[in-house]
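Combine both chains into one complex, guided by the hints.
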Amino acid sequence: MLGTTVILAFRAINRHKMRSFLTTLGIIIGVAAVVTMVTLGNGATAAVREQISSLGANVLQLRPGQGFGRGGGGPRPPNFKEADLTVIENQLTGVRAVAPIVQSSGTAIYEGNNWSTTVYGTTSAYSQVQSWNVAEGRLFMPEEEEAGKAVCIIGNTVRTNLFQGADPVGKRMRIKGVSCQVIGVLATRGQGGFGDQDDVVVMPIKFVQRRFTGDRDISQIMVAVDDAYDTSTVQSSLEELMRERRKIKAGAEDNFNVFDTKQISDTLTGTTTILTQIVAAVAAISLLVGGIGIMNIMLVSVTERTREIGIRLAIGAVAREVLMQFLVEAIVLSCMGGVIGLVIALIASVGIAPLMKVPFTFDPQVNLIAFLFSAAIGVVFGYFPARRAASLNPIDALRHE
Amino acid sequence: MVPDPIISLRGITKIFGSGPTAFQALKGIDLDIAQGDFVAVMGPSGSGKSTTMNILGCLDVPTGGEFLFKGRHVETLDRDQRALLRRRYLGFVFQGFNLLSRTTALENVELPLLYRGEDKKTRYDMGMAALDKVGLKDWWDHTPAELSGGQQQRVAIARAIVTQPDVLLADEPTGNLDSERSVEIMQLLTDLNQNSGITVLMVTHEPDMAAFAHTIVHFKDGLVERIEDGQGAAQKGMIG
Numbered sequence: 001m002l003g004t005t006v007i008l009a010f011r012a013i014n015r016h017k018m019r020s021f022l023t024t025l026g027i028i029i030g031v032a033a034v035v036t037m038v039t040l041g042n043g044a045t046a047a048v049r050e051q052i053s054s055l056g057a058n059v060l061q062l063r064p065g066q067g068f069g070r071g072g073g074g075p076r077p078p079n080f081k082e083a084d085l086t087v088i089e090n091q092l093t094g095v096r097a098v099a100p101i102v103q104s105s106g107t108a109i110y111e112g113n114n115w116s117t118t119v120y121g122t123t124s125a126y127s128q129v130q131s132w133n134v135a136e137g138r139l140f141m142p143e144e145e146e147a148g149k150a151v152c153i154i155g156n157t158v159r160t161n162l163f164q165g166a167d168p169v170g171k172r173m174r175i176k177g178v179s180c181q182v183i184g185v186l187a188t189r190g191q192g193g194f195g196d197q198d199d200v201v202v203m204p205i206k207f208v209q210r211r212f213t214g215d216r217d218i219s220q221i222m223v224a225v226d227d228a229y230d231t232s233t234v235q236s237s238l239e240e241l242m243r244e245r246r247k248i249k250a251g252a253e254d255n256f257n258v259f260d261t262k263q264i265s266d267t268l269t270g271t272t273t274i275l276t277q278i279v280a281a282v283a284a285i286s287l288l289v290g291g292i293g294i295m296n297i298m299l300v301s302v303t304e305r306t307r308e309i310g311i312r313l314a315i316g317a318v319a320r321e322v323l324m325q326f327l328v329e330a331i332v333l334s335c336m337g338g339v340i341g342l343v344i345a346l347i348a349s350v351g352i353a354p355l356m357k358v359p360f361t362f363d364p365q366v367n368l369i370a371f372l373f374s375a376a377i378g379v380v381f382g383y384f385p386a387r388r389a390a391s392l393n394p395i396d397a398l399r400h401e
Numbered sequence: 001m002v003p004d005p006i007i008s009l010r011g012i013t014k015i016f017g018s019g020p021t022a023f024q025a026l027k028g029i030d031l032d033i034a035q036g037d038f039v040a041v042m043g044p045s046g047s048g049k050s051t052t053m054n055i056l057g058c059l060d061v062p063t064g065g066e067f068l069f070k071g072r073h074v075e076t077l078d079r080d081q082r083a084l085l086r087r088r089y090l091g092f093v094f095q096g097f098n099l100l101s102r103t104t105a106l107e108n109v110e111l112p113l114l115y116r117g118e119d120k121k122t123r124y125d126m127g128m129a130a131l132d133k134v135g136l137k138d139w140w141d142h143t144p145a146e147l148s149g150g151q152q153q154r155v156a157i158a159r160a161i162v163t164q165p166d167v168l169l170a171d172e173p174t175g176n177l178d179s180e181r182s183v184e185i186m187q188l189l190t191d192l193n194q195n196s197g198i199t200v201l202m203v204t205h206e207p208d209m210a211a212f213a214h215t216i217v218h219f220k221d222g223l224v225e226r227i228e229d230g231q232g233a234a235q236k237g238m239i240g
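Sequences listed follow chains A and B, in order. All residue numbers for the first sequence refer to the UniProt record's numbering, where the first residue is 1 and numbers rise by one. All residue numbers for the second sequence refer to the UniProt record's numbering, where the first residue is 1 and numbers rise by one.
So here's chain B without its partners, still in its complex pose (with noise of 0.2 angstroms):
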């Protein structure tokens, strides 16, 4: 029996702008992702990936369709009500790594258990578990400043999966580092994903990395173009 989907996306659109000067960015998106599953986005610019993204990370609204997360409406949920699901169900990881200056990396893994209301040593527990599951709980007073983009990124990481969420949202997470860099993080991904089973969607341009998915959607003109089987799919058959 297939389960149901985590994320269901039936004939999403979005349109900037209104009038003579309206883009349709996404022209009905159709697209189901399971859960524990570990996905790759790919596409040209301009082909709707990133919109997806933000509408799949309930940053943003689809113009039209039905946007299902874990069977709920989203398309329907107002600006907190997204915020709240955000704060419950997803973490995200960004290209250009977005920790905040001047702040700690434990303060910054801390954040989001500030915002769900948790005690001083809950979030000192909790924070210090997710920096040690990317390999830099002995680098937990040090500033963004202090730290290499590899390290930053996985600060970055520890933040998003503190809160153990069910899905991850990485926006191009090795596009400022170099290769062996960024093949550690896809290892730290890949990882996540199959012990801890958080649900990954990745947007990269990399063919190298979006083979470390199990499934790889490719985007083109606001479609899903096609999508096929990664690499990290053999790996878990033969793992499996």
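Here chain A stands alone, though its shape is the one from the complex (with noise of 0.2 angstroms):
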């Protein structure tokens, strides 16, 4: 019975090569948009994920005022001091490294090369706080760190730019005026939502506080959380820690804050999220519109062939064999329409996807729910001029010119 009607939709599909076509299109135009966009919202949102993991897993970021600006007006909230860093290190439970930074910028020269970039000072827990490698020479060594020793680690922006080919470690070069030995070469990181992360040099925190900063404030303080412990636990934990070091009283407000990496990640995978939601749902609707053209090329159909439908009823094919035969038949038409466009959208997608720099990800299930959704249209779409096909009488079909 169904494989009857199966073979029926076939030939009828056959018999109208070109209006088959041009009916499924609509279909064939929505799968292709929305399993695009979808696909490409996708590897925008893991391209995201992963620049923001590149900050680090599970790392709090300690700084001086509240959110990313200074805000409103007031006194400047005092940066934190070295003493600040050996309590949260000693006092706070559940902290794998601890690791301060204080920023500065200004040119690197080389033999007559010049580079603008930034200086990071801090010491070598920096390295286990996010996940930065020195990809040749070595890390500061404990008394380089004590001693504030002129001594850098730059990343690959700065080696390139400075250095060109040549090989920088253990060779000499000038930061803001000041001499120092280049001791390592960071491991590449890549364009990042922070811009360039190779274009840094790291050196001992000390040296960057008495040479460049002039003062011994900390101006961020990097805290990773041990695996084992829950990252919003130690978060107030380190909150209630500060306020009383910073002697806050009860219901004012903090003059720092505390921000969770994970938290930007998940803040901004979210908006990557919404918009390609977004973006697919007006995708959705050329489905939508996809479906309502299959729908009116059935009716045609079913206006057209209503002779055909009376010599089948007279022939003994039941109403149900008539309403499935043109089910069916828009079932075969936005499925195939379906197949198409996923086709399409594989093919679009892998082309896209390099050109806006995001990963290529093929994700099975949103493949499948498109196919669904697309035979789903079929049915419904397809069911109304069927149900008319179906009820048609015999004897006034067969007159129908």
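Quick caveat, the hints were computed from the structure, so don't treat them as lab data. Just so you know, even glycine gets a beta-carbon here, dropped at the ideal spot from N, CA and C. Wrong hints could be hidden among the right ones.
Straight-line distance between alpha carbons at most 30 angstroms, and here's what the computed DSSO-like set of lysine-lysine pairs gives [stated by the list, open to error]:
#, chain 1, residue 1, chain 2, residue 2
1, A, K149, A, K81
2, B, K121, A, K17
3, A, K171, A, K17
4, B, K70, B, K27
5, B, K120, A, K17
6, A, K149, A, K171
7, A, K171, A, K206
8, A, K262, A, K81
9, B, K137, A, K17
Label-pair restraints from in silico Cβ distances [claimed, not checked]:
#, chain 1, residue 1, chain 2, residue 2, range
10, B, G11, A, T303, 19 to 27 angstroms
11, B, Q81, A, N14, 28 to 36 angstroms
12, B, G11, A, V300, 41 to 49 angstroms
13, B, Q81, A, T303, 23 to 31 angstroms
14, A, V339, B, Q81, 33 to 41 angstroms
15, A, V339, B, G197, 49 to 57 angstroms
16, B, Q231, A, N393, 55 to 63 angstroms
Some but not every residue of chain A turned toward chain B, in silico, with C-beta under 7 angstroms [claimed, not checked]:
#, residue
17, T4
18, R15
19, E308
20, I311
21, A314
22, I315
23, G316
24, A317
25, V318
26, P394
27, I395
Following this line, the structure appears as structure tokens:
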């Protein structure tokens, strides 16, 4: 019974190739648009997530002031001191590593090459907090950190611009007019959401404080949370600890903020996910239009084939068989449209993903849902015309001109 | 002993519409058709012959009266039950051939077998056998547009007989054909009637065609006016 109707459906589609193609075009475009959008959107989300995770997983960033800006007027909130660092390290439970950061910018010079870059003053704990590895050379020695020696580890962008092909390890370069020795090169981290992450020079914090910032303040503290502990628990105890140390009265606002990188990650990926959903929803409207196109053509087809329906009824087709024939025809059309749409989406995604600099991710679930949806469109929009065909009176249908 | 008729109409009435615009097409038809008969139905338009044929073909139901087909009361059957009855026992030939366009002769002939759920090989074998019977075996892969009117009607006859029906209903089968083709079609129907034992019911306007039948039923004003023997009966008698 079902086999028969499928045969009949394919014969009918085959008899009207051009019309069948035009009928499915709406579905093809709809499915292709939705799946391409979702695939690229997922790729973008994955790219954002990857960039964020390069900031380090389960890392809390402690900064003075509220939010990223200074916020409002009033006195500038105080920076942190070395004592804060020690207290966090010793008193806070669930801490894997703590690294201070002092930031400065300046020009690096090597043999007549100039390069403007960012200087980070930190300790070797930084490599544990962030997933930063040294590709060549070594990290700071404890005595270098203690004494604030003029040594530096450079990012790949700095290396390329200053040293070109030469091996920088062991060479001396000038940074902000001070001579320092290059002891290592960081592993490439690539273009991140926060600019070129390879355009850095990392130096012992004491050196940067002494020679560049001129005080012993720490502008930022990175706290890596042990995997065994809950980040949000550690975050609230860190906040409590800092309120106590900074003598903030109950009810008063914090003059510092703790940022969970996971939160940033969730926020940003959430944003791209919502964008993807909006674009996919717009594309889904074209699917709906495609469905209406199928219904339109099927209704025309039923009218045009009234005599055929009459013949079928006369030679003994029951109403259900005629209904099934037209329904299956609509479903076969929409499924074919779905499959073609998926193929086009696949080709388009593979082609566009590199242009958008996002990874191509094949999501079987999205493809399956899109296909099932196209089949469902065939059922929904094919039912009404099929119903009309099945309810025709054979005598009238045979007389139809 | 006279065998039970395959078709028996008793007091069949048919009223179209209702209220003041109602029109009574049939006013009480009594008619018996014996198994193996070849019946021609004649009458002016509006005499009720087409309405009667629709009822006999189980395409329509009477307003009143009894219609026995092989002992079953057709007037009580619903739409789908009548469809199944058509599928099993009836074959239809129309004036306008009514073949599916862009569809080969064989596919057209196979169509009733599809609805019977026959497999591909059976469909092919039975379809080709039916085409052979109407002399169009070599034309199996031609579409209606590539066939002459006479050939199209023969394909339609092949489609009607492929299921080996008990009754073949032909509605002016020669209405669209010239006299030479018409005679060929009538000879084919006569042959099917005599050699395959199919009861043939045929509506026609042309006395020449009606003459091929054994029995000629004349309709007038929604009633059977008279029933006479056709020349086919004499021929049969001669052959017999």
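Do the hints match the structure? See the list:
1. A:K149 to A:K81: With Cα atoms ~20 angstroms apart, A:K149 and A:K81 stay inside 30 angstroms; holds.
2. B:K121 to A:K17: holds, 27 angstroms
3. A:K171 to A:K17: violated, 73 angstroms
4. B:K70 to B:K27: The hint holds at about 23 angstroms.
5. B:K120 to A:K17: holds, 24 angstroms
6. A:K149 to A:K171: Holds, because 15 angstroms separates the two Cα atoms, which is no more than 30 angstroms.
7. A:K171 to A:K206: Roughly 21 angstroms separates the two Cα atoms, so the pair holds.
8. A:K262 to A:K81: It holds: about 26 angstroms lies between the C-alpha atoms, which stays within 30 angstroms.
9. B:K137 to A:K17: Between B:K137 and A:K17 the Cα gap is close to 28 angstroms, so the pair holds against 30 angstroms.
10. B:G11 to A:T303: 19 to 27 angstroms: violated, 38 angstroms
11. B:Q81 to A:N14: 28 to 36 angstroms: With Cβ atoms ~33 angstroms apart, the hint holds.
12. B:G11 to A:V300: 41 to 49 angstroms: holds, 44 angstroms
13. B:Q81 to A:T303: 23 to 31 angstroms: holds, 28 angstroms
14. A:V339 to B:Q81: 33 to 41 angstroms: holds, 39 angstroms
15. A:V339 to B:G197: 49 to 57 angstroms: holds, 51 angstroms
16. B:Q231 to A:N393: 55 to 63 angstroms: Between B:Q231 and A:N393, where Cβ atoms are some 37 angstroms apart, the hint is violated.
17. T4: This hint holds: A:T4 lies near chain B, its Cβ roughly 5 angstroms from the closest one there, short of 7 angstroms.
18. R15: Nearest chain B Cβ about 5 angstroms off; hint holds.
19. E308: Holds: closest Cβ of chain B sits about 6 angstroms from A:E308, inside 7 angstroms.
20. I311: With a closest approach of 5 angstroms, the A:I311 hint holds.
21. A314: This interface hint holds because 5 angstroms falls under the 7 angstroms limit.
22. I315: With a closest approach of 5 angstroms, the A:I315 hint holds.
23. G316: This interface hint holds because 3 angstroms falls under the 7 angstroms limit.
24. A317: Given a least distance of 5 angstroms, the restraint on A:A317 holds.
25. V318: At 4 angstroms from the nearest chain B Cβ, A:V318 passes the 7 angstroms test, so the hint holds.
26. P394: The hint holds - A:P394 has a Cβ within 7 angstroms of chain B, the shortest such distance being about 5 angstroms.
27. I395: holds, 5 angstroms
Of the hints listed earlier, those the structure fails to meet are numbers 3, 10, 16, in rising order.
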